[in-house]
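Since the structure of chain A is already known, use the hints to place chain B on it.
Number of protein chains: 2
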Amino acid sequence: MAERAALEELVRLQGERVRGLKQQKASAEQIEEEVAKLLKLKAQLGPDEGKQKFVLKTPKETLTGKYGEDSKLIYDLKDQGGELLSLRYDLTVPFARYLAMNKLTNIKRYHIAKVYRRDNPAMTRGRYREFYQCDFDIAGQFDPMIPDAECLKIMCEILSSLQIGDFLVKVNDRRILDGMFAICGVPDSKFRTICSSVDKLDKVSWEEVKNEMVGEKGLAPKVADRIGDYVQQHGGVSLVEQLLQDPELSQNKQALEGLGDLKILFEYLTLFGIADKISFDLSLARGLDYYTGVIYEAVLLQTPVRAGEEPLGVGSVAAGGRYDGLVGMFDPKGRKVPCVGLSIGVERIFSIVEQRLEALEEKVRTTETQVLVASAQKKLLEERLRLVSELWDAGIKAELLYKKNPKLLNQLQYCEEAGIPLVVIIGEQELKDGVIKLRSVASREEVDVRREDLVEEIKRRTSQPFCIC
Amino acid sequence: MAERAALEELVRLQGERVRGLKQQKASAEQIEEEVAKLLKLKAQLGPDEGKQKFVLKTPKETLTGKYGEDSKLIYDLKDQGGELLSLRYDLTVPFARYLAMNKLTNIKRYHIAKVYRRDNPAMTRGRYREFYQCDFDIAGQFDPMIPDAECLKIMCEILSSLQIGDFLVKVNDRRILDGMFAICGVPDSKFRTICSSVDKLDKVSWEEVKNEMVGEKGLAPKVADRIGDYVQQHGGVSLVEQLLQDPELSQNKQALEGLGDLKILFEYLTLFGIADKISFDLSLARGLDYYTGVIYEAVLLQTPVRAGEEPLGVGSVAAGGRYDGLVGMFDPKGRKVPCVGLSIGVERIFSIVEQRLEALEEKVRTTETQVLVASAQKKLLEERLRLVSELWDAGIKAELLYKKNPKLLNQLQYCEEAGIPLVVIIGEQELKDGVIKLRSVASREEVDVRREDLVEEIKRRTSQPFCIC
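So the protein lines, in turn, are chains A and B. Residue numbering for the first sequence follows the numbering used here, starting at 1432 and increasing by one per position. Residue numbering for the second sequence follows the numbering used here, starting at 1432 and increasing by one per position.
Just so you know, these hints were derived from the structure itself, not from any lab. Please note: incorrect hints may appear among the correct ones.
A pair counts as met if it fits within one copy or between any two copies, since identical chains are not told apart.
[As the list claims (entries may be wrong)] Calculated pairs, DSSO-like style, for lysine-lysine (alpha carbon to alpha carbon, straight line, at most 30 Å):
(1) Lys1503 with Lys1767
(2) Lys1471 with Lys1453
(3) Lys1708 with Lys1810
(4) Lys1838 with Lys1794
(5) Lys1534 with Lys1794
(6) Lys1545 with Lys1534
(7) Lys1838 with Lys1694
(8) Lys1471 with Lys1767
(9) Lys1828 with Lys1764
(10) Lys1834 with Lys1641
(11) Lys1539 with Lys1809
(12) Lys1835 with Lys1863
(13) Lys1828 with Lys1890
(14) Lys1534 with Lys1828
(15) Lys1708 with Lys1694
(16) Lys1653 with Lys1684
(17) Lys1794 with Lys1456
(18) Lys1834 with Lys1534
(19) Lys1863 with Lys1810
(20) Lys1534 with Lys1835
(21) Lys1653 with Lys1631
(22) Lys1708 with Lys1545
(23) Lys1471 with Lys1641
(24) Lys1834 with Lys1708
(25) Lys1456 with Lys1641
(26) Lys1503 with Lys1545
Same shape as in the complex, but just chain A (with noise of 0.2 Å):
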């Protein structure tokens, strides 16, 4: 310990001395030399406190009590140490993890990474048990609204910029689903599993909903009808407005709280241009416990197949929601960090691009090379290995076949299977003219162009900007 103390009040030392130099402007040289020392120096001390944080195991415990109907879902193993282990289910208990162990206040952050589910996989509607999720979250104690109106703006933003056709963006309060069980007498302890029936009402009837409610979990007839009445109710700020004016709904403090944000969500979402996305719907209800406040799911509207249909949903894309308790959970003394984010499905959405890609048989790319590197005669693979490093150090997706001799006519037709705009052909001729044929693979136009021009050429044929679709 005396050792470590000593390290780094050396390191500290080190430190004062690269600052010193630098005021002193001292010259880089003996900048760099000092840095050297010093970064020896921090690598003896090895580890500490803070970075070690970064290898803590998730043991289950973080994960139970979170999911509530969907915990089954969570995939279990063992870890070497014999300690029952989980893979994570989703970004959002972890990140609430992270922010109680580092003690994080205030922060903003996107996370693309793997999820586990042991559901059953449905490949085509890109539905499988390890998948990637994007999330996006904002984390901290701020005025009411302003960072949930920003996570619906970005689901949005990022929802138009994909070729996955009209979406609708159904929102509600968990508050107001509380306030509501409420008022129509379902017992609290009965709240979430009622919640878990209703969110089902997307995919199957109000009968089947009502049935579950009434058979399975023993609600009273009369009660689920009163559900029924009002979950069945959708639109936009208007409906807000009503049920703010409802004799009884207006009587629970609680669903009163949770209308009164969503009246304020929907004056920030018609500032950010999309209100016209949104919909109340007193039926979404979402599935997890975490959540606490608005929540927000974005289905795809399948365009109508006869004229005067309604859209149909083809399922959810995105969704997410307020969880203001799930970090106090992880915090020894229960600190609270208010939080709201949401989740985007990436294969979910990767499925319906290319299935629209596939059914309207466009060609799906695969590399983004902009130019092939070919030649004419045999003997020229020095040519073209000097010519395709000099396109790459120009910044030029190039690419050429791994042959000494290949023919020409395959060198074209690679380009014509990979989708290549252009190509380059070296030739004995041209070498000694000190041009290049710059080849169009679609019009099959060709120009010599001065080697000195060529890239200058191919950039400005390639300046548009490259697609992933």
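Frame of chain A; chain B shown alone:
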């Protein structure tokens, strides 16, 4: 099964219908309508063979016998079916398995993902048990050394473009090592284990390596000394030439092949303009079993602390080589697919970049925000939301404080802390005049910009490309 066949037939017919309509240049609505039907049918068809492969698990057996003495670092886990699984140790073996399973004989790809090693972590040097690797591989039957040279070119491009100082790429060939072991009199059974000893020469002295060979691994001292004479040599293509003349080594078929290929490789690397970064180093062995040909490893060179001092290697940041037998191990018929590739240690490089920046006391920005939308007085939240949305829609990276009435001072301080270069300030007077104040945080200069010119002015000022460091 008959059902599925019928469905497939329907999909085929509907596909033809879509094609037909497109040939007849039918209306977009009409095509869209048929495409919608086609998608519905395809959804009913469900997953097909090809796609199911993606969810196949990777049982431990896949990993055994691929990593030599490093195998002890593999993480073992049990899944819910009780099957013994492992967390992937690298991205190379999974890549080879993927090629074999999908019968791919020709592919070039990069892959950034996490791998797991049950090693002793060293945070300050960026060594974790869970860490990212970035792999690039070229698989396929090609003419000698062309893909290998491209891999080394890419490795040098990546390392040169990072702020991690000077580096050197050590190159060797497994066939040269095996040939050398053979002529030195190492028994075949000891090739791999002696290989691992040689590989330690970058960390410990020859004496210690010799002791391990003789003491632990039972090699005759004479044999060890002969190995020592070879493995302590390193140089450029001239060393290749010299060894091609070596009376004994040149008699060994394997060594001769390896040296011949290295000669070609140096030719290509010269054409790629990176030969000066490459050192043929007979002590480079690489621990892993699966390499069959050329192997390489990039080490950073620390600036000498005293002039005239040998540059000191601070460890490997990237490595790779040729593995022609690995795919065959996973193919039922043992069909081989020659592969060559490289891995970049992402955290390793990050930690070096961060330490250099810390030592130089350059602040690392954690966001790319170009402009903060601020207000000079109260009651301007709506204006801030409207403006930030305008900037977002114009592709400008903008932020605002999530407060209804933030103090101007706090908003300016936030810019200083977050390193945001520009701030636009909305004020009541400016709103009346149809202008916005644009302030440079560094110089504190302020100008009034006409609202309609704001986007252009911000783009003009932020046109310089953004740097991650």
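Taking the hints in turn, this is what the structure says about them:
1. Taking identical chains as interchangeable, the C-alpha atoms of Lys1503 and Lys1767 lie at most 30 Å apart only when both belong to the same chain, with a minimum of 27 Å there against 42 Å between chains.
2. For a Cα distance limit of 30 Å, the shortest separation of Lys1471 from Lys1453 inside one copy, 19 Å, qualifies, whereas the shortest one across copies, 67 Å, does not.
3. Within a single copy, Lys1708 and Lys1810 get their C-alpha atoms only as close as 61 Å, which misses the 30 Å cut-off; across copies the closest is 27 Å, which meets it.
4. For a Cα distance limit of 30 Å, the shortest separation of Lys1838 from Lys1794 inside one copy, 25 Å, qualifies, whereas the shortest one across copies, 54 Å, does not.
5. In this assembly of identical chains, the alpha carbons of Lys1534 and Lys1794 lie at most 30 Å apart only when taken from different copies (22 Å versus 49 Å within one copy).
6. In the homo-oligomer, the alpha carbons of Lys1545 and Lys1534 lie at most 30 Å apart both inside one protomer (25 Å) and across protomers (26 Å), since each shortest distance falls under that limit.
7. Within a single copy, Lys1838 and Lys1694 get their C-alpha atoms only as close as 68 Å, which misses the 30 Å cut-off; across copies the closest is 26 Å, which meets it.
8. Within a single copy, Lys1471 and Lys1767 get their C-alpha atoms no closer than 40 Å, and across copies no closer than 45 Å, so neither meets the 30 Å cut-off.
9. Taking identical chains as interchangeable, the C-alpha atoms of Lys1828 and Lys1764 are never at most 30 Å apart, the minima being 54 Å within one chain and 37 Å between chains.
10. In this assembly of identical chains, the alpha carbons of Lys1834 and Lys1641 never lie at most 30 Å apart, being 68 Å within a copy and 43 Å across copies at closest.
11. Taking the shortest alpha-carbon separations for Lys1539 and Lys1809, only the inter-copy value of 25 Å comes in at or below 30 Å, while the best intra-copy value is 57 Å.
12. Proximity of Lys1835 and Lys1863 under a CA criterion of 30 Å is satisfied intra-copy only: 21 Å inside one chain copy versus 71 Å between copies.
13. In the homo-oligomer, the alpha carbons of Lys1828 and Lys1890 lie at most 30 Å apart both inside one protomer (10 Å) and across protomers (27 Å), since each shortest distance falls under that limit.
14. For a Cα distance limit of 30 Å, the shortest separation of Lys1534 from Lys1828 across copies, 28 Å, qualifies, whereas the shortest one inside one copy, 45 Å, does not.
15. In this homomeric assembly, Lys1708 and Lys1694 come within 30 Å of each other (Cα to Cα) only inside a single copy, at 16 Å, whereas the closest approach across copies is 64 Å.
16. In this homomeric assembly, Lys1653 and Lys1684 come within 30 Å of each other (Cα to Cα) only inside a single copy, at 23 Å, whereas the closest approach across copies is 89 Å.
17. Taking the closest pair of Cα atoms, Lys1794 and Lys1456 come within 30 Å of each other only across two copies (19 Å); inside a single copy the shortest separation is 58 Å, beyond that limit.
18. For the homomeric pair Lys1834 and Lys1534, the shortest alpha-carbon distance between copies (22 Å) is at most 30 Å, but the shortest distance inside one copy (57 Å) is not.
19. In the homo-oligomer, the alpha carbons of Lys1863 and Lys1810 lie at most 30 Å apart inside one protomer (15 Å), although the nearest pairing across protomers, at 73 Å, exceeds that limit.
20. In this assembly of identical chains, the alpha carbons of Lys1534 and Lys1835 lie at most 30 Å apart only when taken from different copies (25 Å versus 60 Å within one copy).
21. Proximity of Lys1653 and Lys1631 under a CA criterion of 30 Å is satisfied intra-copy only: 20 Å inside one chain copy versus 77 Å between copies.
22. In this assembly of identical chains, Lys1708 and Lys1545 lie within 30 Å of each other by CA distance solely inside one copy; the values are 29 Å within and 37 Å between copies.
23. Taking identical chains as interchangeable, the C-alpha atoms of Lys1471 and Lys1641 lie at most 30 Å apart only when they sit on different chains, with a minimum of 28 Å there against 69 Å within one chain.
24. For the identical chains of this complex, Lys1834 and Lys1708 are inter-copy neighbours only, at 25 Å across copies versus 54 Å inside a copy, given an alpha-carbon limit of 30 Å.
25. For a Cα distance limit of 30 Å, the shortest separation of Lys1456 from Lys1641 qualifies neither inside one copy, at 77 Å, nor across copies, at 49 Å.
26. Taking the shortest alpha-carbon separations for Lys1503 and Lys1545, both the intra-copy value of 18 Å and the inter-copy value of 26 Å come in at or below 30 Å.
Taken one by one, the earlier hints fail for this structure at numbers 8, 9, 10, 25, listed in ascending order.
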